[in-house]
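Q: Whole structure, please, built from the sequences with the hints as guidance.
Residue numbers (the working numbering), protein chains in the order written: chain A, 1 to 269; chain B, 1 to 338.
Check before you lean on any hint, since a few could be wrong.
Stated by the list, open to error - DSS-like cross-link-like pairs, simulated, lysine-lysine; straight-line CA separation at most 30 Å: (1) Lys-295(B) / Lys-173(B); (2) Lys-9(B) / Lys-77(A); (3) Lys-173(B) / Lys-26(B); (4) Lys-131(B) / Lys-170(B); (5) Lys-9(B) / Lys-170(B); (6) Lys-83(A) / Lys-173(B).
Source of the hints: derived by calculation from the structure; they are not laboratory data.
The structure presented is a predicted model; accordingly, all values stated were derived computationally and were not measured.
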Amino acid sequence: MARRLLIAAALAFLGLFVLLPFIAVFVEAFRQGVPAFLDALAEPDAMAAMRLTLLVAAISVPANIVFGIVAAWCITKFEFRGKGLLITLIDLPFSVSPVVAGLIYVLLFGINGWFGPWLRANGVEIIFAVPGIVLATIFVTFPFVARELIPLMAEQGRDDEEAAVSLGASGLQTFWHVTLPNIRWGLLYGVLLCNARAMGEFGAVSVVSGHIRGLTNTMPLHVEILYTEYNFVGAFAVASLLAVLALVTLAVKTLLEWRYGDQIQGMGH
Amino acid sequence: MGITVSGVKKTFGTFAALHGIDLEAKPGEFLALLGPSGSGKTTLLRIIAGLEFPDTGTIAFDDEDVTQRPVAERGVGFVFQQYALFRHMTIADNIAFGLTVRPRRQRPPKAEIARRVEELLDLVQLSGLGKRYPAQLSGGQRQRVALARALAVEPRFLLLDEPFGALDAKVRKDLRRWLRGLHDRLGLTSIFVTHDQEEALELADRVVVMDHGVIEQIAAPADVYERPASPFVFGFVGESNCLPVTVRAGRALYGAHDIGPADAPEGPANAWFRPHDVIAAEDGIPATPLLARPKNGATRVEAQIEGIEKPVEIDLPTPPAPGAPVRFRPTRIRLFPA
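A: Set out below in structure tokens:
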């Protein structure tokens, strides 16, 4: 009896706070029919926002793949001073509010920031431009890959790499033929989460973007602008794309967990 | 010739793992590094392999200094305790790995590699299993794959870290005998690490007993067992008892009991003896039996001698009578300074 009550409570909670809003997004998006939905998506500013979001993800995800592998590699395969500090730093974006993350970049690279005058003198635009958005996105997403790989690689130890090297393999061969295959599913899992966050990030990006239509608006920012302009169909049409991204992410994530759960660590964040 | 280790020291942070190790493995020899965990035996093996580097001291292979050379350039075959097979590769690909990663010019042609893999599979008695994956093999089979993979690159020396550590007792014994046979056939100078004295004594040509980063004794198995160089070795390579004695006029005396000849300076000493080197004697040392169980056709008695904290373990021909003390006399003792 108690069990049923608990299950019912959990389901009701999920339905109210997750499922219902999710359905609402699609209902609102199609409220004026499919043509209106398609028009909203084909609108130039919406297209620009989609292109920008894809571009930001296309830069920040690979950057964090490289960073994540390098960080996880050196943390798990070598002993050095300050390792604990490095691990704490990797976690920082999870504990810092994204708005603060955005403000850090404004402080550093903004007009009145530390490097602002120099950047301005040299004609480099970071804040209120694409580079700032990319930097802020990299910051908020960099724990995903590293966090996923560290426990996995720590558990696998160094034996496989040492075996490869003792058989004459070079560092690159060892990485390519031994390390990468050992971590591939965990890596894919981390990339998936990293990508979802990179495309969906709002707070940090909002601070550095400047909200210039057609230029520095990513999809989440564009949704907000349309919404505040009472363009509900437009807002929910773009939002529905983000919702589909979430669905696809969830499906692939579940598939990975189901098929390769033993090779994926730290599931659940 | 062979492997020469001279003056090797190694410290990890504040922990001194090895304090000045000198050691030689002669060509064709099968050497065991025996010691408890923390004795530095694995560190020494890894330094010989080039997986670790010594703080001071040198490693020479056939009189050629290789101290600074990384593992990839040393030409050793290393077998890891947990085998470290590449789980996403087939057995055949695992064995071929060392050949396929060679630079194009030194790499044998595909057919040649395949032939070599077949040969090695044959050698380790796993013919026909080349297409399987490591997870589909038993522990003993994986161990042999690891060995075949190490042999594929035709190493100058074979180094094995606890080669039987992860196997159950029965497989261990069979594999041990098989490995010894293989060594005799290949004649490859080999060093293996073990914490199991039985394994070391059965397999090795010579045993290197280590404790706390120093070598306690290097000797043939029979000598290590019969003539241990230190109390540690005596205690580690077999069951042992220790009695405090006084040496007087070439005899070892435990109280009033003369327990044998003493080739040691006058004064206090410790007499060590094995459980089977005792006889029951009417005028022997009295002890109160605590436990008795049959062992190897005799009775193993654990008995308390008055005034000695650790009970002695002795083998007597008959079980002790209930309530009565046993009386025994060591027949073979070894004296060490007290």
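Q: Is the Cα-Cα distance between Lys-83(A) and Lys-173(B) 30 Å or less?
A: Distance ~43 Å between Lys-83(A) and Lys-173(B) Cα, so the pair is violated.
Q: Lys-9(B) and Lys-77(A): Cα distance at most 30 Å?
A: holds (23 Å)
Q: If you draw a straight line from the CA of Lys-131(B) to the CA of Lys-170(B), is it 30 Å or shorter?
A: Holds, at roughly 27 Å.
Q: Does the alpha-carbon distance linking Lys-9(B) and Lys-170(B) stay inside the 30 Å limit?
A: violated (37 Å)
Q: Does the alpha-carbon distance linking Lys-173(B) and Lys-26(B) stay inside the 30 Å limit?
A: Since the Cα atoms of Lys-173(B) and Lys-26(B) sit roughly 26 Å apart, the hinted pair holds (cutoff 30 Å).
Q: Would you mind confirming whether the straight-line C-alpha gap from Lys-295(B) to Lys-173(B) stays at or under 30 Å?
A: holds (21 Å)
Checked against the numbered hints listed earlier, the structure breaks hints 5 and 6; every other hint is satisfied.
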